[in-house]
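Build out the structure end to end from the sequences listed, making use of the hints.
The numbering used here applies: residue 516 is where the sequence shown begins, and numbers increase by one.
List time: in silico BS3-like cross-link candidates among lysine-lysine, alpha-carbon distance up to 30 Å:
#1 Lys588 <-> Lys525
#2 Lys584 <-> Lys525
#3 Lys525 <-> Lys601
#4 Lys517 <-> Lys601
Source of the hints: derived by calculation from the structure; they are not laboratory data. Note that the structure is a prediction, hence the values are computed from the model and not measured.
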Amino acid sequence: MKERFIGTWKLVSSEFRRSNGEVTYQMGRNTSGMLMYDANGHMSVQIMRPNRPAFASSDQLQGTPEEIKSAYKGFVAYFGTYEVNKEEGTITHHVEGSPFPNWVGTDQRRFFELYGNRLTLSTPPVPFGAEQVTARLIWERAE
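Following this line, the structure appears as structure tokens:
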């Protein structure tokens with residue numbers, strides 16, 4: 516089963532469902548992203564809000580607090596290892612590095628559906644702002 520995940524995946528859609536069933540697009544409707552799994556059990560993912568404002572300075576260490584906050588809030592990434600549990604329909608990402616320090620050393624469990632060249636990953640309810648949401652991301656195998 517693991518071999519079906521191996522490769523590079525491009526983000527097609529990203530939606531968040533609130534506990535009342537309302538669907539929102541926390542990172543916008545045209546979010547871009549890339550997810551990679553290799554045969555040795557390593558993975559990485561990057562997701563970015565479109566049209567993030569550029570810093571006034573070309574030096575990334577000279578961003579204003581507002582610029583840094585906007586850039587951080589518009590980008591999600593982590594890397595580590597992964598394992599697939601076919602019986603449970605889950606893939607677990609063992610996070611080794613992330614800009615969000617609270618994820619380092621954690622397991623990020625995702626429910627998966629694989630259909631042809633499409634991979635859907637869904638989270639259990641997770642905190643996002645002042646509420647709990649379930650994220651649903653659809654990925655397509657990159658050419």
